[in-house]
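Make the full structure from the sequences, and use the hints.
Protein chains: 4
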Amino acid sequence: MESKKRRGILERLNAGEVVVGDGGYVMQLERRGYVKAGHWTPEAAVEHPEAVRQLHREFLRAGANVIQTFTFYCSEDKLEISSNVKSITGAQINEAACDMAREVANEGDALVAGSVSKTPCYLKSHSEPEVKAIFKKQMDDFMKKNIDFFIVEFVDHVEEAVWAVEVLKTSGKPVGATLCISPHGDLDGVPPGECAVRLVKAGADIVGINCHLDPLTCVRTVKLMKAGLDKAGLKAHLMIQPLGFHTPECNLGGYTSLPEYPFAMETRAMTRWAIHKYAREAYNAGIRYIGGCCGFEAYHIRAIAEELAAERGFLPPASEKHGLWGAALDMHTKPWVRAKAGREYWENLLPASGRPYCPSMGPPGDDYEKQLES
Amino acid sequence: MESKKRRGILERLNAGEVVVGDGGYVMQLERRGYVKAGHWTPEAAVEHPEAVRQLHREFLRAGANVIQTFTFYCSEDKLEISSNVKSITGAQINEAACDMAREVANEGDALVAGSVSKTPCYLKSHSEPEVKAIFKKQMDDFMKKNIDFFIVEFVDHVEEAVWAVEVLKTSGKPVGATLCISPHGDLDGVPPGECAVRLVKAGADIVGINCHLDPLTCVRTVKLMKAGLDKAGLKAHLMIQPLGFHTPECNLGGYTSLPEYPFAMETRAMTRWAIHKYAREAYNAGIRYIGGCCGFEAYHIRAIAEELAAERGFLPPASEKHGLWGAALDMHTKPWVRAKAGREYWENLLPASGRPYCPSMGPPGDDYEKQLES
Amino acid sequence: MESKKRRGILERLNAGEVVVGDGGYVMQLERRGYVKAGHWTPEAAVEHPEAVRQLHREFLRAGANVIQTFTFYCSEDKLEISSNVKSITGAQINEAACDMAREVANEGDALVAGSVSKTPCYLKSHSEPEVKAIFKKQMDDFMKKNIDFFIVEFVDHVEEAVWAVEVLKTSGKPVGATLCISPHGDLDGVPPGECAVRLVKAGADIVGINCHLDPLTCVRTVKLMKAGLDKAGLKAHLMIQPLGFHTPECNLGGYTSLPEYPFAMETRAMTRWAIHKYAREAYNAGIRYIGGCCGFEAYHIRAIAEELAAERGFLPPASEKHGLWGAALDMHTKPWVRAKAGREYWENLLPASGRPYCPSMGPPGDDYEKQLES
Amino acid sequence: MESKKRRGILERLNAGEVVVGDGGYVMQLERRGYVKAGHWTPEAAVEHPEAVRQLHREFLRAGANVIQTFTFYCSEDKLEISSNVKSITGAQINEAACDMAREVANEGDALVAGSVSKTPCYLKSHSEPEVKAIFKKQMDDFMKKNIDFFIVEFVDHVEEAVWAVEVLKTSGKPVGATLCISPHGDLDGVPPGECAVRLVKAGADIVGINCHLDPLTCVRTVKLMKAGLDKAGLKAHLMIQPLGFHTPECNLGGYTSLPEYPFAMETRAMTRWAIHKYAREAYNAGIRYIGGCCGFEAYHIRAIAEELAAERGFLPPASEKHGLWGAALDMHTKPWVRAKAGREYWENLLPASGRPYCPSMGPPGDDYEKQLES
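Residue numbers (the UniProt record's numbering), protein chains in the order written: chain A, 1 to 374; chain B, 1 to 374; chain C, 1 to 374; chain D, 1 to 374.
Possibly wrong hints are sitting among the right ones.
Which copy? The list can't say, so a pair holds if one copy fits it or any two copies do.
[What the hints assert, rightly or not] Below, computed lysine-lysine pairings styled on DSS-like, alpha-carbon distance capped at 27 Å: (1) Lys132 <-> Lys201; (2) Lys169 <-> Lys334; (3) Lys137 <-> Lys277; (4) Lys86 <-> Lys201; (5) Lys231 <-> Lys124; (6) Lys231 <-> Lys334; (7) Lys169 <-> Lys136; (8) Lys86 <-> Lys334; (9) Lys132 <-> Lys334; (10) Lys235 <-> Lys169; (11) Lys144 <-> Lys223; (12) Lys277 <-> Lys124; (13) Lys334 <-> Lys124; (14) Lys169 <-> Lys137; (15) Lys144 <-> Lys124; (16) Lys169 <-> Lys231; (17) Lys169 <-> Lys277.
Keep in mind that the hints were calculated from the coordinates and are not lab data.
Set out below in structure tokens:
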């Protein structure tokens, strides 16, 4: 077990293994009472470590091979603007987050990934040295704690992601880079294939997509990244950590352009059965680092691990408390509930919303944004 | 603060205070990986106390004045049939659950309620002495830990609930009794008003409804209970702990007759804004013990506490991380998100499901049950 | 054939035959360009007889045994308020309408029913002599043309319907009386059973429901009427001519309280297959005069006649151009269309609206009315 | 007036006038009882001329400038396969249809267009001489009656349409050609722009799209045709006659791949207000011949004529019976109905389906076809 733990992210991916990522932190901790929506900053790592630790544990138990540090939006410039607890510094958060991630990762076969996200500085200054200095500062915090690898995530301009990769590669650690973009490309109009090429040329070992759009859309975007790499004769591992919400109407900007964002997303939440389908599609697309972002709770991660149990060779710990495909329902006292104890039932169910006054889809993203802005 | 903590459930209700209940445990812990659906038994109190403790804390932080012991389905006869971990006894669970509930309750101004639910023995034997012996055993476990009061819940035959109340009243502790029935009455056809009368005559200090149906339907049923009490010249406190799901199609049997039960309920989950409306309706109906059951997460409980903040005189701790009615969005970088920072927006939103191939409602409960049974 | 034509409405009903009614005129002729919505008056009988005649013919061809005169809202007091062509008198319309109805009825085995509807005078004056004088005038017009029987329809106060029946019975012709009320009763709160009793006591030979609500709701109301008659030891024939629209949200006032009324009702239109179900339910409830009102086009009437073909002993002429239950699709060139050539397919289809931005249901009637009035 | 009538289709279009087309015949006459679904052949022109004539009149009255002969699928080879009345020949139908179209056209300012549609022979033989012989025969029938121009329609292989145009141009009459294709191109994969180029090179004076898909999708396809012509330096008039149904899920094959086709399309029917939007979009795209196909009833054609009343300089006759944008509702007795008397209300309404058990969208076309074929 000990030696297995020590195997790094690239060893695993190079060996063709499936790496299960963890789920989303900020939206789930908002619901639990530890993160403030609008701010979305991670002071809870310092204020309420037991809450963050428990969420890490749920993901580990659900099958995650990676615990990401709870450091979203944790650059100094972002905290200055957005933090809701001014007395806690970014360095404090980064440090506490690394310790907790390591503590939980060591409880199972998981690695710690230091997570770095987009900076306000990029849009404001567009200055490469300034932005890189911010990433450097975060990297230094993480390197003190010897995290296993880096993930750049939630960046919607490939140029900023390239800068982040260039900085983080100086650490000597592997770097994964995920953009939060649609199949149409990044916010400068760079198509996914070209984005992937730039990231790999900058040194990224793993490239892919996270957040902003639903799983199958994100799989589509990663496929476009792969096609771009193939055409350029480049190679990289692929990763994906999409939303756990149905977002068929979204445009470039993703779920922030939905009327329901962020406080009425419940009805869009995916079932575990939809995640089975996603995990299979992602695997079939050649993606081997498969996780989730906002909306992914522990049971969604467990669904990835259960769908790919044959490929991985084992079930996650939490499956002790889960009859696969609802099998445990066969001991229910009601016969019509027992009738649901199987894959065919759940795979074919089209769940009703229970909301006959609500539409299925919202207005197209761009229209909606314009309307609210005016 | 110390003296305030010591005030009992009846002192509070007699004083006209709003008591906020906690949310649902088994469905949430199923998602987190600690409870097995179909079984729904609470071995996690012994196996994974940190997970249960964290969920207690979330509810406390969200404003709950009561922490219910995590002892659902924890009678010996039910565990014999349903437990998924045979090596753990009911007594062990009851004991561990009481300790944890007390530990967390003491972190705030909360009471511990020992929770007792329906027994398979009732349907099987219909024997008053046998059923009462089972309740007596549970009561004894709880009394060793000196819980503050009892809640009988999730009972769908008023007769069984009456037996439970008669046993628990021998402890000298206050007793609340909630049935999981619809406005049409219990499974023997006894109307809600008559059910309430029988429970109060048996000694219940608080009566009401929990689980099985959505909040506004449950408010309707509690109103019928109150009308029955009024007509009989009886008085009791009223409580309510409904589902956190929209269930417009349900019949007598409640949400177990929905196609989505139990693994595809996501799309029916209520938003926090729907809970505001529920809390107000419940309050207006004269109900003063207001909580939730399956589907109620911490942020739903917080919504009750926020809606009734004026009546209670304070906000819950978790509101530090919540801009009331989305107020904190006014610092968002996107103008169309900032436009949502207020009550009017959220109160009027009809959330889309993002599922254009799915219906709004499922087939009427009875039809569906017949279909699956055949 | 000749003798068969001469058999009156009561002869047929007394013999236990199914009498198929015709469909709706004003909404269909509005779409065709001959009636003005809001006014809904029948000047087209004089202005564009060919258009009215063609619609009569479609219903006859679809199986109707009764052609109602196109005289909706054709009392002098209503025309004064609502007519959109002031130069045409009520007497002119009544006369032209009777001629056309007779002309078409004689092309098949159909009777002519003179149709009389509610008067503004009733609400304004509440004067029995004044209201009765209005009905008398219409009756005299119709008697000049020797129509076969009378139908009082679209009346929502049973008192007014009773007055109409009392007048029309003086003609010596049979009288049918249909109220446009919900299962909750008429606008004075008189329950359907009591309404039926009063109508029969006033002399009505046939009683029932028309317009305002969807077919299955109207069947429910007619059942309540029948129960009232049974309880009172009275007997009468039952008739029904409901909307051809799905109206699950309607309250007392019926479809006029829907947001879609009157210019966006398309999406609520019933399929022919839903009409099959209605015809069977109506028949099973003991109703033998089965037709339609607003929203019922010729193919809906044909569906009644096809569903009850075995009971009636024949198919309507238009079935020459209709493969029963879609049977004619078996000669389609596309295999997936051929696969639909049968009852099972159509009976089980849940048709999609093609409108993902629209809800399934509108706001409850009362709320909506209040909102628009304010 | 007489001289105005004589102005030909090209004179009008060359002068920049808007030409309003007529609506759909076969689906509407199926509902009225005169056409058999699956067959869809036009024997009714001979059997029930009064019914066809009345529908022509409704379209004329609604504003149509063109009356198309009721000759859909009226080639000898198609009739041999599909006709449901074998004793009536194609020549008989063509002749009767021309006479009726002329009779009605002369009642207003309308032209007669001889309509020719795709032949089974094309798919079966792929023989240019054979297919052209069939078109030649139909042309000869029409020329005996001196129709004003030809329309080739409902062809999904551009090659067949080109052959038809080549034949019909020998008559010396103007020729319009509309394909029933999606923005993806014809069934051989020829993109819309290229299709338009081939049709114009073959001699078509007017090109465009009809049937198979909803209005806004068809506008998109016509725009692609225009772009192709522009790029090739060619010029032609543009026309459009789309479905009157919402079909967001359709693939290449159009509405025949919907579960609801052809007997449950009600709920997809467009409102008059959606047609206003379509007419404006079509006009803005430079299309000047604007009509409809299946699902377009008289009131939809009236909506085109009303939306473009300013551009055309007059309202259609049927607008006498239509308060523009619901204006006539301001005399309704119910205040909440009066509140709807205006454009803002109807333009913003999202109509409910009244069908809470039905989805908004069906399965994607290809999946559905596969499923039904297997």
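Here's how the hints hold up against the structure:
| no. | hint | result |
| --- | --- | --- |
| 1 | Lys132 <-> Lys201 | within (17 Å within a copy, 60 Å between copies) |
| 2 | Lys169 <-> Lys334 | neither (58 Å within a copy, 32 Å between copies) |
| 3 | Lys137 <-> Lys277 | neither (40 Å within a copy, 46 Å between copies) |
| 4 | Lys86 <-> Lys201 | neither (38 Å within a copy, 56 Å between copies) |
| 5 | Lys231 <-> Lys124 | neither (34 Å within a copy, 42 Å between copies) |
| 6 | Lys231 <-> Lys334 | neither (56 Å within a copy, 36 Å between copies) |
| 7 | Lys169 <-> Lys136 | within (10 Å within a copy, 66 Å between copies) |
| 8 | Lys86 <-> Lys334 | between (54 Å within a copy, 22 Å between copies) |
| 9 | Lys132 <-> Lys334 | between (61 Å within a copy, 24 Å between copies) |
| 10 | Lys235 <-> Lys169 | within (17 Å within a copy, 58 Å between copies) |
| 11 | Lys144 <-> Lys223 | neither (36 Å within a copy, 60 Å between copies) |
| 12 | Lys277 <-> Lys124 | neither (40 Å within a copy, 41 Å between copies) |
| 13 | Lys334 <-> Lys124 | between (60 Å within a copy, 14 Å between copies) |
| 14 | Lys169 <-> Lys137 | within (14 Å within a copy, 63 Å between copies) |
| 15 | Lys144 <-> Lys124 | neither (29 Å within a copy, 63 Å between copies) |
| 16 | Lys169 <-> Lys231 | within (24 Å within a copy, 49 Å between copies) |
| 17 | Lys169 <-> Lys277 | neither (34 Å within a copy, 52 Å between copies) |
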